[in-house]
Structures are given as structure tokens and as C-alpha cells.
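Participant: Single-letter residue listing:
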Amino acid sequence: AQSVTQLDSHVSVSEGTPVLLRCNYSSSYSPSLFWYVQHPNKGLQLLLKYTSAATLVKGINGFEAEFKKSETSFHLTKPSAHMSDAAEYFCVVSDWRDDKIIFGKGTRLHILP
Amino acid sequence: GAVVSQHPSWVICKSGTSVKIECRSLDFQATTMFWYRQFPKQSLMLMATSNEGSKATYEQGVEKDKFLINHASLTLSTLTVTSAHPEDSSFYICSATGSGTDTQYFGPGTRLTVL
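Chain order of the listed sequences is A and B.
Numbering-wise (my numbering), the first sequence opens with residue 1 and increments by one.
Numbering-wise (my numbering), the second sequence opens with residue 1001 and increments by one.
Honestly, I wouldn't trust all of these hints.
Stated by the list, open to error - In the EDC-like style, the derived pairs of lysine to aspartate or glutamate whose C-alpha atoms are separated by at most 20 Å in a straight line are:
| hint | chain 1 | residue 1 | chain 2 | residue 2 |
| --- | --- | --- | --- | --- |
| 1 | B | K1064 | B | E1087 |
| 2 | B | K1041 | A | D8 |
| 3 | A | K49 | B | D1102 |
| 4 | A | K105 | B | E1059 |
| 5 | A | K58 | B | D1102 |
| 6 | A | K49 | A | E64 |
| 7 | B | K1041 | A | D85 |
| 8 | A | K42 | B | D1088 |
| 9 | A | K42 | B | E1059 |
| 10 | A | K49 | A | E66 |
| 11 | B | K1066 | B | E1087 |
| 12 | A | K49 | A | E15 |
| 13 | A | K49 | A | E71 |
It should be emphasised that the hints constitute simulated quantities derived from the structure, not laboratory data.
Treat the numbers as computed from the prediction; the structure is a model and nothing was measured.
Chain B with its partners taken away, still in its complex shape (with noise of 0.2 Å):
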């Protein structure tokens, strides 16, 4: 149990485009869900915490009119990296917990690449 998706794995897109990534609990209902930013052999820097229904919550530093975080429905979360360039470029990775529990399940993460 405790499943999470995410698609694409991996992504390459020219500089200025828009790229969304989505990130899905298969088998539970995730109450609340996390976007991680890795840079190589780092560790995840949290970027924002959303609740379903909610506007997230940005750490701070991250901006929030770059990284757009929908989280729609319990069981899907969405991260659009709008503008992208090329200091964009990294592997990104979302979490997700269920309700009345602090473990989070991490989905495989999505390597973005911006030429």
C-alpha cells in the first residue's frame, strides 16, 4: 500500500516553455502533499506543502508565480514549472501523507532537463 505516482519521469524541454508534473497516491487519499526540489548528491529541499482544496504553502526563497502547485483532489497533485530555464534543471519529487499520520510516501521523482 501507499503508492505514489509520478509523470514523467523525466522530461526535456527548451528554455521559456512550461512544464507540469504530476504526482498521484494510488491506493489512499492524501490529505496533504509535498514538492521536494534535489540538486546532485543533495539532499530534498522542500519547496511547498499543499492541502487538497488549499493554496499551498511556499517555502521560503521558492517563488511561488514559478512553481505553481495545484492540489485538486486527493489523490492528485500538479507542479508546473512555468518559464523554465536552464538553472531549473534538477529532480523533482513529491510526497504524500494520509490523514492522521506524519509518514510520508515519496513518489520516483521527475528529472527535468532545460536546454
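Chain A extracted, bound-state conformation (with noise of 0.2 Å):
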């Protein structure tokens, strides 16, 4: 069975300074793991995703996340936050044969000025 668990459900940071939310995940298989972002009351947009490939991963607006499977984490990170950053952001796992997506509980990240 697959889960992921997103460490933290606010994260404030100060414009200019670096980001980091937290994701663990569980999974029998070998899992896609993805980040996404949504602002208020919008669709979510693809930040990232990893797929067994390169274990860091560069995704769009400055965001990266490292695979790293002995600690089962794929947390996010950018190196200098700003305010159009503030936003809901969920991490995601994904497995062809179980044909499920799982949801984390979503970070709220916070900018502050």
C-alpha cells in the first residue's frame, strides 16, 4: 500500500531566504513521485516529478526535489523564496500497478516580507 505523509502543514519563510517542504512517502513498488502547487482558489499545477530517473530533479519556478529512496523522502526545495511562492503545495505518489494516486495533506507555505 502506498502513502505519503507531508511533515508539515504550514511552513513560513522570509522573502529572499530558502524553502524547504518536507515529504515522506511509503510504497511497495517503485513510485512516480510528484509536487504539486496550488494557488487560492485554483487547479493545481505540476511543479515536478520524479520517475526513476535522476534522483534530483529540477522542476519549474526554481524548485527542486531529491529522490532519496534509504530515507524514502522527496522533499522540495528552493533556494530563495518569493512571495508569489505562497501558495498550498502537495506531494504525490503514484504507481502504474496499483493504478492509485495519493494525495498529501498539502503544505501551506507562507511568505513572509
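Fit chain to chain and form the complex, with the hints in mind.
Facilitator: Set out below in C-alpha cells:
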């Protein structure tokens, strides 16, 4: 069975400082892992995706995530936060064989001026 | 590429009426479409998965007679909320995947308010 845990429901950082949004997963197989961003009253936008190629995945808007199998983690990072990054972020795990997609509960990122 | 649209973006209806929400993949063929429901400040809850030309597979606890899903073509799926009640008010989001990929592309969502 698959599961995904986003360790922080809220994260606050100052503009210009690094961002770290944590995600741990469990999966019986080799999963695909995703990060999506949702701005208020909007749909979800794909930030990046891991599919067993390079463990460090670069996404849009300067975000990247590193897949660490030993730690079953897929944390999202950005070197320097921007005000426009304020949104809800979802970590997602998916597997072809289960035909299931599991969402984390989301992390609300607040950017302080 | 991989754009998914939803229509309408918001709808207000009276209790007891039915509402249809459309989900379209604009530039790819969506072999599978998903319907989600999202309550305020919560994560997405998968309601059902539909493959083109097949009956939708509903998640446990989702009433199939209440939430009718039709996936008649490779670019269109519809969700009809029948006899809507205020507790059905929510943000409904669809997503779609193409053949050979498990990446879901999401629509912008539909805000349903039932009075």
C-alpha cells in the first residue's frame, strides 16, 4: 500500500530565504512522485515529477526535489523564496500497478516580507 | 501542452437541482480522467476514475447515483451532481492522463455553491 506524509501543515519563510517542504512516502513498488502547487481557488499545477531517472529533479519556478530512497523522502526545495510562491503544495505518490494516486494533506507556504 | 479545462468555473444553484461540470483535455487524448473534491483548506479527495468508453470506478463512500460521471470521448468527461444539496457545495477538480503516462494534468476547478 502506498502512503504519503507531508510533515508540516504550514511553513513560513522570509522572502529571499530558502524553502524546504518535507515529504515522506511509502510504496510497495518503485513509485512516481510529484509535487503540485495550488494557488487560492485555482487548480493544481505540476511543479516537478520523479520517475526513477535522476534522483535530483528540477522543476518550474526554481523548485527542485531530491528522491532519497534510503530515507523514503522527496523533499521540495527552493534556494530563494519569492512572494509569488505563497500557495498550497501537495506531494503525490503514484504507481502504475496499483493504478492509485495518493495525495499528501498539503503544506501551506507563507512568505514573509 | 497538456492543458485541461473545466466549465463552468463557478456555479450557484438551488437545492434539488442538478448541475453538470465539464472537463476537457485540450491538446491531448485523455485515456483516463479523475474527479476530485476539495473542501476548504483540505487536500483533494478522489471521487472517481473514468476511462473513455467505460463506467467510472468510484471510491468508497462516493454515491455513484449522486455523482454521475460520463467519459464519452478521449477529450471530454462530465460530472453531474444530481439533486444537489448544500452539503454538496465544494470545489470540484478534474484531472487527466494520456496514454503511457501517470502524470495527471489538472483543470482549474469548479466552485459549486448550493443554496
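Participant: Among all the numbered hints in the text so far, which are the ones the structure does not match?
Facilitator: 9 and 12
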